[in-house]
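Chemist: Taken in order, these protein sequences are the chains called C and Y. So for the first sequence, the working numbering puts the first residue at 1; every next one is plus one. So for the second sequence, the working numbering puts the first residue at 1001; every next one is plus one.
Quick caveat, the hints were computed from the structure, so don't treat them as lab data. Just so you know, these numbers come straight off a predicted model, no measurement behind them. It is possible that some hints are incorrect.
[What the hints assert, rightly or not] Taking lysine-lysine and the DSSO-like style, the derived pairs with C-alpha atoms no more than 27 Å apart in a straight line are:
hint	chain 1	residue 1	chain 2	residue 2
1	C	Lys-82	C	Lys-135
2	Y	Lys-1264	C	Lys-278
3	C	Lys-278	C	Lys-384
4	C	Lys-278	Y	Lys-1023
5	Y	Lys-1233	C	Lys-201
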Amino acid sequence: MSKINPVKHEMPVQPPKERIKNFNEVALGYSEETALAEANRCLGCKKPKCVEGCPVDVPIPDFIKKIKERDFLGAARVIKSKNSLPAVCGRVCPQENQCEKYCIIGKKADPVGIGRLERFVADYELAHGGETVEKLPPSGKRVAVIGSGPAGLTAAGDLAKMGHQVTVFEALHVAGGVLMYGIPEFRLPKDIVQAEIKKIKELGVEIKVNYVVGKLDSIDDLLAEGYDAVFIGTGAGLPYFMNLPGENLNGIYSANEFLTRTNLMKAYQFPQSATPIKVGETVAVIGAGNVAMDAARTALRLGAKESYIVYRRSEKEMPARREEIEHAKEEGVKFALLTSPVEFHGDENGNLKAMTCIKYELGEPDSSGRRRPVPVEGSEYEMKVDNVVMALGQGPNPLVPRTTPGLEITPRGNIVADEETGVTSKAGVYAGGDIVTGAATVIMAMGAGKRAARAIDEYLRPKA
Amino acid sequence: MHKIVHKEVFSPVIKLFEVEAPKLAAKAKAGQFFMLRIDERGERIPLTIADYNCQAGTITTIFQEIGHTTKELGKLAEGDYILDLVGPLGEPTQIKNYGTVVCVGGGVGIAPIHPIARALKEAGNEVISVIGARNKELLFWEDKMAAVSDRLIVCTDDGSYGHKGFVTDVVKQLAEEGEIARVWAIGPMPMMRAMAATTKPLGIKTTVSLNPIMVDGTGMCGACRVSVGGETKFACVDGPEFDAHLVDFDLAMRRLAYYKDEEKRAEAAGSCGSGGACGCQK
Chain C
1 MSKINPVKHE MPVQPPKERI KNFNEVALGY SEETALAEAN RCLGCKKPKC VEGCPVDVPI
61 PDFIKKIKER DFLGAARVIK SKNSLPAVCG RVCPQENQCE KYCIIGKKAD PVGIGRLERF
121 VADYELAHGG ETVEKLPPSG KRVAVIGSGP AGLTAAGDLA KMGHQVTVFE ALHVAGGVLM
181 YGIPEFRLPK DIVQAEIKKI KELGVEIKVN YVVGKLDSID DLLAEGYDAV FIGTGAGLPY
241 FMNLPGENLN GIYSANEFLT RTNLMKAYQF PQSATPIKVG ETVAVIGAGN VAMDAARTAL
301 RLGAKESYIV YRRSEKEMPA RREEIEHAKE EGVKFALLTS PVEFHGDENG NLKAMTCIKY
361 ELGEPDSSGR RRPVPVEGSE YEMKVDNVVM ALGQGPNPLV PRTTPGLEIT PRGNIVADEE
421 TGVTSKAGVY AGGDIVTGAA TVIMAMGAGK RAARAIDEYL RPKA
Chain Y
1001 MHKIVHKEVF SPVIKLFEVE APKLAAKAKA GQFFMLRIDE RGERIPLTIA DYNCQAGTIT
1061 TIFQEIGHTT KELGKLAEGD YILDLVGPLG EPTQIKNYGT VVCVGGGVGI APIHPIARAL
1121 KEAGNEVISV IGARNKELLF WEDKMAAVSD RLIVCTDDGS YGHKGFVTDV VKQLAEEGEI
1181 ARVWAIGPMP MMRAMAATTK PLGIKTTVSL NPIMVDGTGM CGACRVSVGG ETKFACVDGP
1241 EFDAHLVDFD LAMRRLAYYK DEEKRAEAAG SCGSGGACGC QK
């Protein structure tokens, strides 16, 4: 341990003052030399703990060993055996709660920068052209995957490698789900997402965009058309609002609308892109998860002078990643904590002008273990705002559940599916990702897609 | 990519496209809409399905050129392609035998009322259709509406063709002549609001098809939210048809106007030749 540098190698970033004027990626990635130096911090454990923390079982010490040997394409091959979207995961996974949390070095010093190394390898492969991944011979079975977000893409990639013929059905005009419409360009460049999706297509996966299952075809139609199994990965795309007076005033967006206009439709390039977005001087984002941080940072880049996170608990309870909160602070996002809106006020044209907020204090811990916020009587005050973005979380979109008889649904509208296999109450139909768990992380959805692909493969293979 | 197989120009601003979309044509029902995006730089806009032909694998839409995207669309010719079409979206019209029904189409709203009138007629209703526009130039499909109606009344605001007057006056007159079970009214927001105000005191159940701003059209963003009976609804998945007597039209009209400055900028950018890339719109 004594020879090992205790500090994780820094990744160069765009300076905050510069980056809030553009949508370019904030973190710039390791150079070959830095990657090599960081890889050399890995002990190459015989029984690696880090792998236990990875929801898709990437053989971490194996790929890091390849980096040490400067065999970067070899490292990519190792990762790709388990993970179809490494350039995405290396950027957006909360490694501090996953692989890096279990790293042995992390007990006494900084853990190995596994995410940064994964990102380096994936970017290297995208830039230098990787080799084709091995595929099993055709099984003659067809699988329909509903939704092309992280869960669906992972299931599709794995099933294709297993030799099955896979068709992905996507409602939007481009594949990627939240990777395209939700996570901003400055955290996850869309060219990179599309480059990784292209690799999945090269495995023989067909992606049909503009295809709304539940409207064009139902799940039953797909089964009748000859698909042998179906995987549902439609995510949690239904925005929650607060049902407060004035919530339908102009200028109040759901985070989904705000981010979809910006990311998917590239409204930040308006009018070269035809989709408009309107951001005034002061923007308040309600909520404090990763989506809220994304929205608050996006507002600054769209020209807002002030961008607030308004959250009814304190900083300690904020569900966003530490790194996202730090980046937001560096960029000048302000935090109105222990605060929540109760009413919105507009002008004569119905445009938002102000909101009444109430202050909260923290009471006893609730069922989630977080201290329950209690409103402070008489603490109402008015805050001038031009735009509000509601980032309170999302529920499951009901389109597929509503049109699939025999599919068991929870009272909240999520699909009931086995955590290990994705098996639902309907024969041949599997589900995973946010549509089952509620809004979670990219990598959790990918893990679910991976496990479901394994279960679907077993279901489709003729029994010996 | 979807090929435009047929184009008709009804007036300098109202145009019809018949577009290849076999799967959509096979599944479309009266009352539904679709979203389209012309090209890579384009925005997504909702348009109603005016007709569908399963044999030919086509859908027909009629649109009015009111801004950047519809003007760009209007420039396309037969044989050109539209990049993205997605649908059918929204809940179909509830078609039953109600008795005598009135189908009202105002302006470009004549297009979406057509499949509804046809379906109601096929379900055994006595269909009285009322179509109206500001002037004769903005009217179209009189023949097609006549073919799916037991009776057709045409009117123009300026009296340049048919009855002089508003569609609301015609409906009021019809209600005096005999019992009307239901009214469907589709057209500009002020016309639908006026229709709601006309039929409410008469106690005639009235359905309107709302046309709020939409982005995805599948229920994931709430851009299209409207207030119906005091509750927030997403027009793209809960509608677009709603009980006219419960709709907050003032709110809906204010929400439609939110981007009007940006729409003007987009239009100006569209005519500058470089899509505003020259910086002329900054």
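Chemist: Take the hints in turn and mark each one as holding or not.
Modeler: Results of checking the hints against the structure:
no. : hint                     : verdict
1   : C:Lys-82 <-> C:Lys-135   : holds (13 Å)
2   : Y:Lys-1264 <-> C:Lys-278 : holds (13 Å)
3   : C:Lys-278 <-> C:Lys-384  : holds (16 Å)
4   : C:Lys-278 <-> Y:Lys-1023 : violated (36 Å)
5   : Y:Lys-1233 <-> C:Lys-201 : violated (37 Å)
Hint check: violations occur at hints 4 and 5; the rest are consistent with the structure.
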